[in-house]
Amino acid sequence: MNRAAFLACALVAAALPVAAKAPPAVRPVMVGGEPELDACPSVGAIIPLRKGGDGFVAVRAAPSVKARMLDKLESGRELLLCDDSADGQWVGVVYPEPFGGPVVTDCRVSSPVADKRKAYDGPCLSGWVARRFVTVIAG
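Counting along the sequence shown from 1, when you hit position 83 you're at 534 in the numbering used here, and nothing is skipped either side.
Simulated from the structure, these hints should not be mistaken for laboratory data. Any given hint might turn out to be false.
BS3-like mimics (lysine-lysine), calculated; alpha carbons at most 27 Å apart, straight line [to be verified]:
{"hint": "1", "residue 1": "569", "residue 2": "502"}
{"hint": "2", "residue 1": "523", "residue 2": "569"}
{"hint": "3", "residue 1": "502", "residue 2": "517"}
{"hint": "4", "residue 1": "523", "residue 2": "502"}
If you're wondering where the values come from, they're calculated on a predicted model, not measured in any experiment.
Make a model of the complete structure from these sequences and hints.
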């Protein structure tokens, strides 16, 4: 290919739109489904974070680092553990806002939910956190 043809091809390629990969669809945190257990059966907390890091753990709209960030949580923040991703790398959480305000028991998931699982729609916030940043403290 001669230089002129190469430049023409390069200009055409540069003008074509680039297909951007869309972020993962929002995946609500599901609660309930076990008539013998609380809707969110465990309580966890964000582990101590390493010095020099971001200083927070991202809460995401879906179990993926590519999903939209909803919130930032600091070490020690308590969470209700309600759901799991298929690969086990993410946990669906419910937590009150703001930190130091209502306690996790105010999120309306401390008792069983009817027969089937449902998307969390209570008064607290919810989203997905990478499991490696969470430790179980009860349940």
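The hints, checked one at a time:
1. About 38 Å separates the Cα atoms of residue 569 and residue 502, which puts this hinted pair outside 27 Å; it is violated.
2. Simply put, residue 523 and residue 569 have alpha-carbon atoms about 25 Å apart, close enough for the 27 Å limit, and the pair holds.
3. Distance check on the hinted pair: residue 502 and residue 517 sit about 24 Å apart at the alpha-carbon level, within 27 Å; holds.
4. A C-alpha spacing of about 16 Å is found between residue 523 and residue 502, which places the hinted pair at or below 27 Å, so the restraint holds.
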